[in-house]
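Chain by chain, the residues run as shown.
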Amino acid sequence: MRYLPLDDDDRAKMRDRIGVKHIDELFTDIPPSARLDNGLAGLPNHASEQSVERHFSKLAAQNVSAGSASFFCGAGAYRHHVPASVDHLIQRSEFLTAYTPYQPEIAQGTLQTLFEFQTQVAQITGMGVANASMYDGSTACAEAVLMAARITKRNTCLLASGLHPHYSAATQTLTHTLGVKTTALPPGIGRDAELIKRIDADTACIVVQSPNVFGEVVDLEPLAAAAHAQGALLIAVNTEVVSLGLLKSPGEMGADIVAAEGQSIGNALNFGGPYVGLLACRDERKFIRQAPGRFAGQTVDADGKRGFVLTLSTREQHIRREKATSNICTNSGLCTLAFTIHLALLGDKGLRHLAMLNHQKACALADQLGAIPGVTLLTPTFFNEFTLRLPANATEVIEKLAAKGILGGVPAARLFGPGVMDDLLIIAATETNTEQDMNDFSTALAEILS
Amino acid sequence: MNRYTQDRATRPKPTQNSAKFASALLQEEGLLYEVGHANTSGVDLEVLTDQPDRLGSLARTTPTGLVGLSEPETLRHYVRLSQRNYAIDLGLYPLGSCTMKHNPRLNEKLARLAGFADIHPLQPVSTVQGALGLMDQVSYWLLQITGMDAVALSPKAGAHGEMCGMMCIRAAIEEKGELEQRKRVLVPTSAHGTNPATAAACGFVIDEIPANAGGRVDMAAFRAKLGPDIAAIMLTNPNTCGLFETDIKEIADLVHEHGGYFYCDGANLNAIMGKCRVRDLGVDAMHINLHKTFSTPHGGGGPGAGPTVLSSRLARFAPLAFVTGDRATGFALAEHPEQSEAAFGRMCAFHGQMGMFVRALTYMMSHGGNGLRQVSEDAVLNANYLLARLQHEFSPAFAGTCMHEALFDDRFLQGTGVSTLDFSKALIDEGYHPMTMYFPLVVHGAMLVEPTETESLHSLDQFADTMLELAKAAKSGDVTRFTQAPLTAPMRRLDETQAARNPVLTWKP
Amino acid sequence: MAEIYYSEDHEWLAVEGSTAKVGITPYAAEQLGDIVFVELPDAGRNVKQQDEVAVVESVKTASEIYAPVSGTITANNEALEDTPETVNEDAQGAGWFFEMTLSNPEELASLMNKSAYDEFVKGL
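Protein chains in written order, with my numbering: chain A, 1115 to 1564; chain B, 3 to 511; chain C, 1352 to 1475.
In case anyone wonders, no lab produced these hints; they're calculated from the structure.
Given the structure is predicted, the values throughout are model-derived calculations rather than measurements.
Be aware that one or more of the hints could be misleading.
[To be verified] Partial list, computed: chain A residues near chain C (C-beta under 10 Å):
no. : residue
1   : I1313
2   : T1425
3   : I1433
4   : K1437
5   : T1548
6   : Q1550
[As the list claims (entries may be wrong)] Some chain B residues flagged as far from chain A (calculated, every beta-carbon gap over 10 Å):
no. : residue
7   : T42
8   : D91
9   : D120
10  : G160
11  : A161
12  : A201
13  : T326
14  : P339
15  : E379
[Stated by the list, open to error] Which bits of chain C does chain B cover? Going by a derived footprint, with three or more residues having C-beta under 8 Å, they are:
no. : region
16  : 1422-1428
17  : 1454-1462
Built from N, CA and C at the ideal position, the CB exists for glycine as well.
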């Protein structure tokens, strides 16, 4: 087998050295009744590289890839062009096949890039500090809520109307066991500010997404002010971080913690994972000490040379065990590297340009689609994603579009369940969309609806 | 005061014989913020034809502060940084409990096929039948390997999988109306820190079980802790001392008799594939680290994936989302609570780490059922070979053979003036990544060595020779070689005390 | 003149009348290594003997500090927030953690004097 260097002679020599005749003598601690004398049933034997490749190519061909269609899906995962050098660099053996940088003398590559990552995340979110990543945006959101509960020593949390329903569900699932009571306001467009009147002296935090799941850009300032007036924190969620090139940062608008999905920068769609959760907060001791996950920090070595280490680890499970701020261990290492390299390539100038390009395409598409008879644009403000009301069931419409080679967005019903918003369609446009894509989309949609 | 550092210095001693690390192949490299420029971009983007503003007066008015690099500068910056990392592809990586095995590049190639990498999680399911079929096949393989009844694929890493299993257990207890009285979770002292952290996050109270003199669960202490308030036991098997828990079936039976559940930490599954199935050991839930056992790369700390297998007692509590249907009738996804009333909730957006599923299935199919059994046999053989070669100069923590990793304590260093930390750092100067040290907590000055099955006999011998030479050097009084180590790494020992006392977590102009 | 008591959890307690100043012993500070953070209880908090009241952290460990006796916290050593190294440098002086009033002075009988504590440490 190509991944196993030992041959039978080696194995025999080694058994001699150990002092056993048969390999099974090393497995005698397994209770006899549980031993599998004949190995695993129901599985094929080992396969050549070529035959495995053939199997997967067939499976892959059964999917309609975004690049082979006119593609307009978003709702928490976005298709952007990732420069070729990003994927090349993250496949360097030294990055790809390294462990968590617990031995800093021989892990400065990972540690320094994490430090760069933390700085970039803090900069685009307008926050003081950021950690070294979470699994994804939704789990970052849940962890941010737990963090807010610890900081405020309160246990209720309000989730805004425009929060991605998967984020809302994950947050409820992952926080209720610690006694946090989350209330999700009914979903709807233009309703995010409604939670202001629900904030009271027991509120630990409010969670508001901008751009929200419908694409609307939300002014966080009045929400931050209302939360702070009651001693509560504002957690700002962002699922499309390219928007931060064009929008006022959550930090500037008064957010205390930012939980975001970083997939848009450097990372492919991957059918939902792996992605990279961003978690940033105020640069204050009480925030940092309650933060989940790892931090890379700057220090010096024995010769006084600058270097980086994982730090403030007493918050983490491997030291603090049941009193840790989170159970997270493995995070999104390599995805943070892709994020950092892509953002280093973009720079401030490139990120702003990219963001404007997205906005430009989305505005043009919204105008084109909004002009189709019976179609209404429901989101007056947006970045690269907007919601339309169709004169038809959106789920049926996207199936018809798919048959024409167009992946035409995400029906609200896919996110919220069938029932109340069956005629809403959430559509994203990015720099990857050509004019031809957009024309094909509007022509096909007009045809289907006529 | 409850825990001590076991003499683990976190601040380097003043330098005696500083060796400046300089090499033609290792250039100095500053931070991105020192080599980049505010107005540089290494990406060519389509020219803007319009600058609309439908941002509701929320347009950014200040620069982000980001700096950019041209493409050549980017390559150079990150290639230079990469050269400051140790990696499996450079050498043996004996980190116990981490399973640093070879990462086949076929995995990488196939995960990048557009049909997997370039599909959106919310595309119509009719356009992703191959992806859902692949998830179904991953489930099949994991269930055959473990003998369990169901698998939740969405957990994004081992600790997230632990959460999944413990949430299922919590849901089962809640359904019986016993949530108020069943609060206690038994966790051995030798467990990974994630176990107690997970149980606490699920609202349980942790009760530690000590290890016996043989490094396994102390059965008398365990029995004494049983009672009607037991929710579960969380047990790693093989355990973190590299030993199979010989009483595992009795443990499972006793926990079940008392109305509790058996959570198994699957971090060490690499030792037992095809040798036994966890179902037959009485397990109710177990996460599987695809980035350990199934060779998806560690990537400097992730991403991982933590599919969680479940017994029939827990299967219906599995979280959203999951694949339904079959190849004949077409696959679909259960994504909404009304599609599974018993589901305990949702653990993340979308449906799991697809990129890791492709890699892991590639690996599993490459090996096949017979190959996976050989993987475990070779992993155990390699560890025992090292144990046999090292046992006389080192001090094995427990007598007898081990499973996939060998545990030593620091008795062999007693009186030498060399600590486990010093010894580990000296290994760096010999071209190796140190073993896991100071874990598990049940052993003083622990050194946990896991070679994995992907090391050749030659490589094992080289490593053993180095280890033996170092042990002799330590015993012969060559102390500074250890206390000053590493001398030849890109950095000397770093001042972790300063990093923690005065945290600098971002670059500031 | 304060009378000094010691606990098996390596805390010292300087008692004057019905008030006491509390910290960790030089032995404990040495064992912990470089102390990087101390989390202190707020003044006004009522505590029972053996309640967790503070946390002292080095780079690789976090240790709970238990109330050596019952009473009410009256002050804490805020300076430690910025200079935790004081605990390493002067554990039994400037590195004190908090002051408290004693609600049950009889609990002092459960603690050790200096020579008993020194013996206790020798036995570890």
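Against which earlier hints does the structure fall short, listed by number upward? Structure breaks hints 1, 5, 6, 7, 8, 9, 10, 11, 12, 14, 15, 16 and 17.
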